[in-house]
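Peer 1: Using the sequences and the hints, build the whole thing.
The listed protein sequences correspond, in order, to chains Z and S. Using this note's numbering, the final residue of the first sequence is 572, and nothing's skipped along the way. Using this note's numbering, the final residue of the second sequence is 1161, and nothing's skipped along the way.
Keep in mind the hints are simulated off the structure, nothing from the lab. All C-beta atoms in this analysis are idealised placements derived from N, C-alpha and C, irrespective of residue type, glycine included. Hints are not guaranteed to be accurate.
[Stated by the list, open to error] Calculated pairs, SDA-like style, for lysine to any residue (alpha carbon to alpha carbon, straight line, at most 25 Å): (1) S:Lys1087 / S:His1055; (2) Z:Lys415 / S:Cys1075; (3) Z:Lys415 / Z:Glu65; (4) S:Lys1114 / Z:Tyr408; (5) S:Lys1091 / Z:Gln451; (6) Z:Lys114 / Z:Gln451; (7) Z:Lys415 / S:Gly1038; (8) Z:Lys53 / S:Lys1087; (9) Z:Lys415 / S:Tyr1043; (10) Z:Lys148 / Z:Ser123; (11) Z:Lys311 / Z:Ala287; (12) Z:Lys148 / Z:Arg200.
[To be verified] With the C-beta cut set under 8 Å, the calculated list includes, among others, these residues of chain Z facing chain S: (13) Leu46; (14) Thr48; (15) Ala56.
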Amino acid sequence: MRNESRMGNRSMHERPVSARHRGAAALLALVFAVAVLATAGVTYVLITMFTHKQDARQPFVRVVEVDELTTDPEPWGKNWPRQFDGWKSTSGGEFYGGSSAMPESKLDAHPWLKRLYAGYAFSIDYREARGHAYMLYDQGVTERITKKPQAGACLHCHASTTVLYRTVGLEAMGEEVTEAKLAEDFNMEAVQRGFEELSRMPYQQVLEMLYATPDGTPGENEPVFPQPPTGGFTGEYAGEGVPEGHAMVGEAHPVTCIDCHSPDDMSIRVTRPGFMQGIADLAASDAPVPHLPSIQQWREGDRSEPYDPNKYATRQEMRSYTCGQCHVEYYCANKTTLTFPWGEGLKAENLEKVWEETTFPDGTEFYDYKHGETGADIFKVQHPEFELWSQGIHARSGVSCADCHMPYEREGAMKVSNHNVQSPMEFVNSACQTCHNVSEDELRARVDTIQSRTVAMTERAGRAMTEMLDAIMEAKAAGASDQDLAPVYALQRKAMWRLDYISSENSKGFHADQEAVRILAESMDYSRQAQAAALRMRAPDAPSTEQLPTEDVEGVTPTERAPVPEDYEPEI
Amino acid sequence: MEKRTKSRTSRSVRVLSFAVAIAVGVLGGLGAFTIGYGNGFSYLTNDPEACANCHIMQGHFDSWVTSSHQDVAVCGDCHLRHDFVGKWVTKADNGFFHALAFTTGNFQEPIRIKPRNRRVTQQACLECHGELVNSMLPAEHGGEVRNCVHCHSDVGHSGRR
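Peer 2: The structure is reproduced here in structure tokens:
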């Protein structure tokens, strides 16, 4: 036993030496492996920390110089790749050109629109909107342009035009134009002058000049997005080759970086002459603008020079002004220069009043088109997003366009404004939930409630409008003259202005929900007033209603059941 | 023969020890540097700037600076428990999960407070204002009551933009 145990002890004592070494080796190998993995982990953390610190310190690296000549967004994209990528994404990932890719026709979806726009180019072709990427392409192929002659002013908003405007403006002012001079500074005065020179020239001619204008990338004529086929898909030029002497040489861009940003410091700015004039008119009026504090401040000053948004506006206001350069109501055709009707305020009836009081340079009264059925002079509403937003709770709370349509998103340690401008419903978390501590489903449901109510009301107002047109046409057929119908035409114009105001506006009432429904209610009221007036014209005189029996007041407690106090004297 | 095996084993142990020493040394050095570079020790303080170290809380920090509580409470006063153990457990819990989320980038935006942290802030409100709101509190412990920040959501920081 003892021997055995000793033997056993010895063998146990002998083996453990190598076993202990093996155990130690395994332990060491394990420690080694853990240390290696941990080092890798720590290095990973260190590197992400470093990247984030770099991001926070230097949000961009200016690898290429851009200046006032650089309308081509590609050089900007090298310096600010995230913003450039966002801008490119407005195409929806892949650019869809070609006639089959065009969005749904609004005229097919809402047949009353054809009657609303009867006699106007919008009754030919009017489609759902697409992203910023398509603004120049779609303008080039819409039948409004390919079937009807349009003015160069249309390019104010659909293309990056400031260099063209500046060139033409400097020439008109009798100054020598060199590329160095064009690149040097923005020169709002020259831009304004060039815009005036070009706004009444034919669209195709101005587009051709735009192609030939330098864009900061000489020798490179491959635009980010395809350019529209000359003459569009259908219409009078369709399928024809480029006419002799009208070759599109060069490159044109939809609205790009330079149209909202200064190339010096990337600050946002207003570049469009139409807005400069419009906002100055608004400031000079005494219309209340509680959502635009800098105008309030300017009004309290000495007013020695007109309100200049680039000088006076707060950064937060600029985040709406840049959008307000185009997403507004305006006159844009060849009878007078492009005008924003803001001299009386930003409500639908303020804008209407300005148009009512406007005359064309030839002295005739302002109107957009003669209605194709009744012949009434009608005002066409464009897309008054800025104006409707101005009436809503978000504007009142200091929320800008960009806060919802270009919300800040986090990339590492950076805050990047999303340049894929689109409906906030595409990014509810960054657009809405930054302020609204409510679930995404609930927020969507709230928006849906507002929009479906507005749409239902719009359809109802559309029906009232068509019934008004029927009644007016019947009155005409019964022999009413234009003179007889003048007051009815005035009501027709008011009704159509209000219906168009909300149906053309692109938020389905969301930008100011109660205001939208108020305007639609007024539209319906005017439609029905016009309809009733037109019906009366061909109806016999109404008989007297004096002799008709009427019911006495009901719901009063009988005297025997509620004795009247002796001193009671009814107030009569 | 036994001797040779033994010496080979002990040599490999020596080599391994050497490698482990290097590996642990590298880890130690790199770790120490990383802690320093990332202001790791600032997390042990009550300095509100530490909370904005990793950039995410910058907006919250900026709005706290202009808030009604800027002179009376820093981040930790509202977001940590006031007893010793609770404070360090909360700190460790959030420190680990925040670092994990931000390093991997795996988190929802806008960031939202977790229920257990919400209970911490509610308790913190009562630490100071308990006497004032005593009559509004539930009669028995754990009874149902609205959080103070349900209405007073921007007293500490607005968290907007």
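Peer 1: Tell me if the straight-line CA distance from lysine 415 (chain Z) to glycine 1038 (chain S) falls inside 25 Å.
Peer 2: With a Cα-Cα distance of about 20 Å, the restraint between lysine 415 (chain Z) and glycine 1038 (chain S) holds, given a limit of 25 Å.
Peer 1: Can the restraint linking lysine 53 (chain Z) and lysine 1087 (chain S) be considered satisfied, given a maximum Cα separation of 25 Å?
Peer 2: violated, 28 Å
Peer 1: Can the hint on threonine 48 (chain Z) be confirmed by a CB-to-CB distance to chain S that is less than 8 Å?
Peer 2: Holds - the Cβ of threonine 48 (chain Z) comes within 8 Å of chain S, reaching about 5 Å at its closest.
Peer 1: Are leucine 46 (chain Z) and chain S close enough, Cβ to Cβ, to be under 8 Å, as the hint says?
Peer 2: holds, 5 Å
Peer 1: Holds or violated: lysine 1087 (chain S) and histidine 1055 (chain S), Cα atoms, limit 25 Å.
Peer 2: At roughly 23 Å apart (the allowed maximum being 25 Å), histidine 1055 (chain S) and lysine 1087 (chain S) satisfy the hint.
Peer 1: With chain S as the partner, please determine if alanine 56 (chain Z) meets the hint condition of a C-beta pair closer than 8 Å.
Peer 2: holds, 6 Å
Peer 1: For lysine 415 (chain Z) and glutamate 65 (chain Z), compute the direct alpha-carbon distance and say whether it is at most 25 Å.
Peer 2: Answer holds: lysine 415 (chain Z) to glutamate 65 (chain Z) is near 23 Å, not above 25 Å.
Peer 1: Has the given pair, lysine 148 (chain Z) with arginine 200 (chain Z), been kept, meaning a C-alpha gap of at most 25 Å?
Peer 2: holds, 15 Å
Peer 1: Is the Cα-Cα distance between lysine 148 (chain Z) and serine 123 (chain Z) 25 Å or less?
Peer 2: holds, 12 Å
Peer 1: For a C-alpha distance cap of 25 Å, please report whether lysine 311 (chain Z) and alanine 287 (chain Z) respect it.
Peer 2: Cα-Cα ~21 Å, so holds.
Peer 1: Between the alpha carbons of lysine 415 (chain Z) and tyrosine 1043 (chain S), is the straight-line distance 25 Å or under?
Peer 2: holds, 24 Å
Peer 1: Between the alpha carbons of lysine 114 (chain Z) and glutamine 451 (chain Z), is the straight-line distance 25 Å or under?
Peer 2: At roughly 22 Å apart (the allowed maximum being 25 Å), glutamine 451 (chain Z) and lysine 114 (chain Z) satisfy the hint.
Of the hints listed earlier, those the structure fails to meet are numbers 5, 8, in rising order.
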